[in-house]
Each structure stands twice: as structure tokens, then as C-alpha cells.
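S.K.: Next come the chains, spelled out residue by residue.
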Amino acid sequence: MTGYFIRRVLAIVPVMAIVVVCVFLLLRLTPGDPAAILAGDTATAEQLERIRQSLGLADSLPVQFARWLGLLAQGDFGTSLISGSPVTGMIAQRIWPTLNIAILTLILTIAIAVPLGVIAAWRHRTWADYAVMSFSVLGFSVPVFVIGYTFILVFSLELRWLPVQGYVAPTQDFGQFIVRAILPCLALATVFIALIARMTRTSMLEVLGEDFIRTARAKGIKESWVLFRHALRNAAVPILTIIGTGFALLIGGAVVTESVFNIPGIGRLTVDAILARDYPVIQAMTLLTSGIYVLINLLIDLSYAFIDPRIRY
Amino acid sequence: MAAAPKPEAGLQWLLNAITLPRHARLGIGPTIALAVLVLIILSAVFAPLIAPHDPLLMDATQRLKGPSSLHPLGTDSYGRDILSRVITGGRISLVIGVSVAVASIGIGLAIGLVAGFFRRADAIVMRIMDGLMAIPSIMIAIALVALNGPSLWSVMAAIAIPEVPRVVRLVRSVVLSAREEPYVEAAIALGSSMPKILFQHLMPNTLAPLIVQGTYVCASAILTEAILSFLGAGVASEIPTWGNIIAQGRSYFQIKPTLILWPGLMLSLCVLSVNLLGDAARDRLDPRLRKRGE
Numbered sequence: 000m001t002g003y004f005i006r007r008v009l010a011i012v013p014v015m016a017i018v019v020v021c022v023f024l025l026l027r028l029t030p031g032d033p034a035a036i037l038a039g040d041t042a043t044a045e046q047l048e049r050i051r052q053s054l055g056l057a058d059s060l061p062v063q064f065a066r067w068l069g070l071l072a073q074g075d076f077g078t079s080l081i082s083g084s085p086v087t088g089m090i091a092q093r094i095w096p097t098l099n100i101a102i103l104t105l106i107l108t109i110a111i112a113v114p115l116g117v118i119a120a121w122r123h124r125t126w127a128d129y130a131v132m133s134f135s136v137l138g139f140s141v142p143v144f145v146i147g148y149t150f151i152l153v154f155s156l157e158l159r160w161l162p163v164q165g166y167v168a169p170t171q172d173f174g175q176f177i178v179r180a181i182l183p184c185l186a187l188a189t190v191f192i193a194l195i196a197r198m199t200r201t202s203m204l205e206v207l208g209e210d211f212i213r214t215a216r217a218k219g220i221k222e223s224w225v226l227f228r229h230a231l232r233n234a235a236v237p238i239l240t241i242i243g244t245g246f247a248l249l250i251g252g253a254v255v256t257e258s259v260f261n262i263p264g265i266g267r268l269t270v271d272a273i274l275a276r277d278y279p280v281i282q283a284m285t286l287l288t289s290g291i292y293v294l295i296n297l298l299i300d301l302s303y304a305f306i307d308p309r310i311r312y
Numbered sequence: 000m001a002a003a004p005k006p007e008a009g010l011q012w013l014l015n016a017i018t019l020p021r022h023a024r025l026g027i028g029p030t031i032a033l034a035v036l037v038l039i040i041l042s043a044v045f046a047p048l049i050a051p052h053d054p055l056l057m058d059a060t061q062r063l064k065g066p067s068s069l070h071p072l073g074t075d076s077y078g079r080d081i082l083s084r085v086i087t088g089g090r091i092s093l094v095i096g097v098s099v100a101v102a103s104i105g106i107g108l109a110i111g112l113v114a115g116f117f118r119r120a121d122a123i124v125m126r127i128m129d130g131l132m133a134i135p136s137i138m139i140a141i142a143l144v145a146l147n148g149p150s151l152w153s154v155m156a157a158i159a160i161p162e163v164p165r166v167v168r169l170v171r172s173v174v175l176s177a178r179e180e181p182y183v184e185a186a187i188a189l190g191s192s193m194p195k196i197l198f199q200h201l202m203p204n205t206l207a208p209l210i211v212q213g214t215y216v217c218a219s220a221i222l223t224e225a226i227l228s229f230l231g232a233g234v235a236s237e238i239p240t241w242g243n244i245i246a247q248g249r250s251y252f253q254i255k256p257t258l259i260l261w262p263g264l265m266l267s268l269c270v271l272s273v274n275l276l277g278d279a280a281r282d283r284l285d286p287r288l289r290k291r292g293e
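In the order they appear, the protein sequences are chains P and B.
Using numbering that gives the first Met the number 0, count along the first sequence one by one with no gaps and you end on 312.
Using numbering that gives the first Met the number 0, count along the second sequence one by one with no gaps and you end on 293.
It is worth saying that the hints were derived from the structure and are not from the lab.
Don't be surprised by glycine CBs; every beta carbon is placed ideally from N, CA and C.
Check the hints yourself; a few may be wrong.
[Unchecked claim] What follows is a list of derived Cβ distance ranges for each label pair:
hint : chain 1 : residue 1 : chain 2 : residue 2 : range
1    : P       : Ala44     : B       : Thr60     : 45 to 53 Å
2    : P       : Glu205    : B       : Met57     : 53 to 61 Å
3    : P       : Gln164    : B       : Leu63     : 19 to 27 Å
4    : P       : Glu157    : B       : Ser68     : 23 to 31 Å
[Stated by the list, open to error] From the derived model, a few chain P residues whose C-beta atoms are all more than 10 Å from chain B:
hint : residue
5    : Val8
6    : Ala16
7    : Leu68
8    : Thr269
[Said to hold, decoys possible] To spell it out: a stretch of chain B is covered by chain P in this simulated footprint if at least three of its residues, at any positions, have a beta carbon under 8 Å from a beta carbon of chain P; those stretches are:
hint : stretch
9    : 131-142
10   : 227-234
11   : 250-259
Could you put the whole structure together from the sequences, leaning on the hints where they help?
M.R.: In C-alpha cells, the structure reads:
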């Protein structure tokens, strides 16, 4: 078991190494002068020279890479081309709204998607099943900003139940945080719910056909106990896996959602960086989101052993 | 694709799927999806003929007007006709959806065949693919567009590149199991040339799953294009794409929600019908997956 843990943790090293190399090469292999790309069309000769020096473009690629890696190791993701301040600090300032929204979204997603998937599998080939599956296809197809604006239109502008946009930190006023975060979280959760409900249903359908479920029912155990205690626990591993791989959707969705709902998180930071052509910020965000994605999938892999005692490594 | 189909070759499945024998195979859902998609494609192709106005024509006297006989869906903040813009907006989306699907499947197929067949290449190629898959696709796309500028080509490449690893994985897994089949072993034993084994014996197996994957890639590419346009990282904002129209309607959303709702509806309908056709193709072409998806 310990051996597996160590091997699994070590396995992220090559993956992250390739991520880092890819991100590094992205800028260097782009046709044209990287400094000119970074500086934009209006840059002066001195600005170009300054950027060239800060990137050390005169050196060979391996030297550049080693130096860049050294900076990354110290948590230095470069400086913003617009504000001139360190990117690490900019991200640290903006990360909390995103994390709070992401956590609430994840809670909402699991609370909605898993029961939906269980019901769909339990009532296989009934209207409930078809409703869940239709919702799932819809969730995959309607882009998050369309969902977001539709929610704003219905719940904020027409019904006037909730504020249109904005963000309040949960530490400042938890009630206001929930009131403002509920629409963005629901919008962000939709595609995730679609994905997880579908996977839960599939996984449950497989488990519900097993002998031990028939045995449990024959023993006269309450149906809800059979479903959630016996079946869901055995169906949990694929569901967890898809929560991990689906996390990439959440990251992409967060960039859009924060823009729609005016939330001052790192998604918004990314959008501002796109508009200002502030490449160091985009590069840092690419590395950060990849790192988070790899880490989450690592944690999920490690959790299998606790979820499913049959898994022994 | 002149390759003679092997007993279980994908080509045969494809033929079965298209020729529609006795039991009329296309269900009601996919039929509607197909009809909607054909309508969207036709209106996009013939947009210059159908659109009542020039989608770029601004008219300061007609700003943010409601529906009228002149402008059936009203006008935007520059007085441009929304209906014409929404019809024209599908062109970029469809071009990108189809070309990204073709490009990523073509590249992914080539890499996947090699990775699946040559054990030595496999380890290296798959580690690189793992690394690429760890970068959220929207972030690669944003970074690529930020570096290469917002041309149609760079947007296509930016959307296609993150899709490649998924195709490689799929092709590789099919090839890995197919290469153990007796007919492949026989071909190797008989001294068939490597290209012949790869393209004539192994590739037909990948066809059916790739058709299914291709429709999903197409749907996801259309969505990603719209997201990139919406974020300001897509094709130039003067070009009417659904994502650009929505992005430009944002500031006026509170007074005129239809600026976002119409392009949003078209975009969703388009992606939904492609997804439904993908599901139908999967049910038809891949019986092993049928249980999972239905």
C-alpha cells in the first residue's frame, strides 16, 4: 500500500515535467520574436530590448529553460507586462473567490448529480431515467455563458430573487456570499452535473445487476439502504474518477463564469490578461491550472483505497 | 479508403449505419437533430442569400430596436440586423467544428497507430499525451491564441491541439487490442509490410469509434470557439460569430436580453444536435458502448 502511494505520487513528476516543457516551448517555438509577441505592436525598441533581456533570449534554449525552471521553483512566475507587479502576487490576491466558488460548485454538483444518477439507474427506462439523460445531453450542449445569462435573466431581472452580479467574501458575510454565489455556482455546475449524473447512472446500472444486490433485496433491506449503502459504495470509483477528469471542465468554466458574473477571481484575471495581451499571466495560469488538475487527480487516485476496501495495491 | 474491410471492420459498420435496412434505424431524436443541423448548415452556407441585411451594416438610426418587419429579431447597439448576424454567425462555428474534428482525428490517428503498434514509441508518446492532457484545454487554447494572434488558423490550431491526445488514446487502445487478433498475427507472420498492417488491417478497426469521437470533437470545438470568442481570444471581433455576437451583447444584456439569447439559442441547438447525432452514431456503431450511453 505504501509502495503504491509512493509510486503514484512519483508518477506525477513526468507529467508535470512535460506540462512545464510544453508551456515553456509554447512561447519559444511560436514563429517570430517572442519579445515582440509579448510586447505587442506598439512597443518601442527599448521595451523590446528590456523584455529580451528579462527572458534571456540570447542564451540557448536549454539555458533559458534551466533558468526559467529555477525561477518557477522559487515561486516566481514572472512579472505582468501591464502592471509590472509579480504574477505570483496577483494570483494569490485573486485566488480566494475562485476557490470559494469552486468548492461550493463541487458541493452542489455532487449533491445534485449523484442522486440524479442513482434515480436514473434505479428507475431505468422510465420517464425519470429519460429526464435525467435528456438533462445530461442538454448540459453538455448549452455553453456556460448562455446558462449564466439565462439564470440572470430569469432569477435576477425577471423574478428579482437574486442580485445580478458581484461577489462578497464568505468571511465577510456568509449569507451574502451564498446569495451572490448561488447563480454562478449553478451555472458552472450544470455541465459538471450532466457529466457526473451520467457516469453515476452507468456505474450504478452495472452494480445493480450484481448478485449481492439481489441478495440484499431478498434479505428485505430497505431499498434506499440497498441503493446508497450497497450499490453506490461499489459504484463509487468510476464516479470519483470522472469527478477528477471533469475538473478540467470546471477550470474552463470558471474563466467564463467569473466573466459573466463579475467575480474578481483568477478566471477574471485570465480574461483581463487575454484582453491586455499580458502573456506572463496567461502562462502562469496555464501552469497553475494544470498543477491543480494533476494534484486533484492524484488525491482521487489515492482515495480509491479508502473508498473501496477491495482495492489493494 | 480503398482498404478491404476485415470481418469486423469499421467500414462495414459504417455501411450498415448509412444504408438503413429493414428496421428503420434512426430514432425520433436523432432525426430531429439531423433536420435541425441540416437547416443550420444550409442557412450558414447560403447566409449571403438568406440574410435580409448585411450583417456588418451599421445604422445609427436603428440602434437596439425591437423586432419589426424590417428587422425580425431587432437590431444591436450598432443598429446591425440581429437575424442576419445570427445566420452568418454559424459559418465560422461550423467551419471550425468540422475542420478541428478532421484535423485532430487525422493527427491523432497517425500518432495513435504508431503508439499502439510500436511498443518503444508507446511509452514516450503516451507520457507526452498525458502531459498535454493535464493542461486544461481552454488554457492551451487561450495561450496559443494569445501568442499567435486571433486569426482563423490560429484559433483552429488552438482548439485542435488539445483534442489530439484524446484521439490518440482512443486509437491506441483500439490498436492495442486489435494487434493481438489472429488475423494481425497472421499478417505479420506472412511478412506483410508495416504500412499495410497499419493501414489495411489495423486502421479499419478504429473507424467506427473515430466517427463517434469525431462528432463529439466537433461539438466541443464549436463550444470552445464560442467560449474563445466570448472571452476575446477568438477570431477578430468584427467577424460575426455566435461567441462574438454574445460578447458584444453583454453590455446591453439588461436592456435587451435577446442580443445574447438568440445567438445563444442557435449555438446551443447546433451543439445539441451534433451531440445527439454523436450518441446515435455511438449506439449504432459501437454495440459495446450501447449499455453505457442509453
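S.K.: Next step is simple, just say for each hint if it's right about the structure.
M.R.: Hints, one by one, checked against the model:
Evaluation of the 45 to 53 Å hint for Ala44/P and Thr60/B yields a pass: the beta carbon distance comes to about 47 Å. Checking the proposed 53 to 61 Å range against Glu205/P and Met57/B shows it holds: the Cβ atoms sit about 57 Å from each other. Range check, Gln164/P to Leu63/B: Cβ separation about 21 Å, and the 19 to 27 Å hint holds. Separated by about 27 Å at the C-beta atoms, Glu157/P and Ser68/B satisfy the suggested range of 23 to 31 Å.
Once the 10 Å rule is applied to beta carbons, Val8/P is consistent with being away from chain B; the minimum gap is 15 Å. A beta-carbon of chain B comes within 10 Å of the beta-carbon of Ala16/P; the shortest separation is about 7 Å. No Cβ of chain B comes within 10 Å of the Cβ of Leu68/P; the nearest lies about 15 Å off, and the non-interface call holds. Not every Cβ of chain B is farther than 10 Å from the Cβ of Thr269/P; the closest lies at roughly 7 Å, contradicting the non-interface assignment.
Proximity of the stretch 131-142 of chain B to chain P, defined as three or more residues with a beta carbon under 8 Å from a beta carbon of that chain, is established by the 10 residues found. With 4 residues carrying a beta carbon less than 8 Å from a beta carbon of chain P, the stretch 227-234 of chain B meets the three-residue requirement, and the given coverage holds. By the rule of at least three residues with a Cβ nearer than 8 Å to a Cβ of chain P, the coverage given for the stretch 250-259 of chain B holds, with 4 such residues.
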